[in-house]
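For the record, the sequence lines run as chains L and G.
Under our numbering, the first residue of the first sequence carries the number 15, and numbering increases by one thereafter.
Under our numbering, the first residue of the second sequence carries the number 2, and numbering increases by one thereafter.
Simulated from the structure, these hints should not be mistaken for lab results.
Since the structure is predicted, the reported quantities are computational estimates derived from the model, not experimental observations.
One should not assume that every hint holds.
To be verified - Derived Cβ-Cβ restraints for the label pairs, each shown as a range: (1) G:83 to L:40: 28 to 38 Å; (2) L:31 to G:55: 40 to 50 Å; (3) G:54 to L:43: 15 to 25 Å; (4) G:70 to L:28: 48 to 58 Å; (5) L:97 to G:15: 18 to 28 Å.
Don't be surprised by glycine CBs; every beta carbon is placed ideally from N, CA and C.
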Amino acid sequence: AQSVTQLDSQVPVFEEAPVELRCNYSSSVSVYLFWYVQYPNQGLQLLLKYLSGSTLVKGINGFEAEFNKSQTSFHLRKPSVHISDTAEYFCAVSGFQGGSEKLVFGKGTKLTVNP
Amino acid sequence: KAGVTQTPRYLIKTRGQQVTLSCSPISGHRSVSWYQQTPGQGLQFLFEYFSETQRNKGNFPGRFSGRQFSNSRSEMNVSTLELGDSALYLCASSLSGGDTQYFGPGTRLTVL
Chain L
15 AQSVTQLDSQ VPVFEEAPVE LRCNYSSSVS VYLFWYVQYP NQGLQLLLKY LSGSTLVKGI
75 NGFEAEFNKS QTSFHLRKPS VHISDTAEYF CAVSGFQGGS EKLVFGKGTK LTVNP
Chain G
2 KAGVTQTPRY LIKTRGQQVT LSCSPISGHR SVSWYQQTPG QGLQFLFEYF SETQRNKGNF
62 PGRFSGRQFS NSRSEMNVST LELGDSALYL CASSLSGGDT QYFGPGTRLT VL
């Protein structure tokens, strides 16, 4: 079974400051890792994903994440945030088993960017 | 290419009624998954369909069911609605198992 822990439920930052949203996972099988963003009253938008290869993954809107297998982490970072980054961010793990897949999500981190 | 579409976007029902939600995947995608999002429980997996067959199911009661048609469109049905079924229901599609899932805007269900 897989699980995801997002260590911070809320993260307030000032505009143009750097931010890191933390995510740890547990799984007994090889995993794929994802970060999704949800703006108010909308669905989930894929920010970035790690399937294999380079452990540093770049996504949309200037976000990046680093897969660390030894620490079972997949933290999301952005060097300089904008007001428009205010949203809820979800880390998810997918273990492709037996021809089927499902995403297991963390509880989410609400990022608030203040002027 | 059009994204995942879900209809209706909003629904209000009363306890005991049943409801059907619809999801049209991205063209060419054959896998459709459903998730329930609530403030208390977060995002929880309901079930996944691939080529009209349910391949995986989450821990939800039998009141929650779904199906997939030959054109990959999917519906989920909730019977005998309870207050606790109020949630945002999200549909996601992917090419096949093991691929990235792309989400629709969701259907907001309110049970009174």
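Fill in: Hint check, failures only
5
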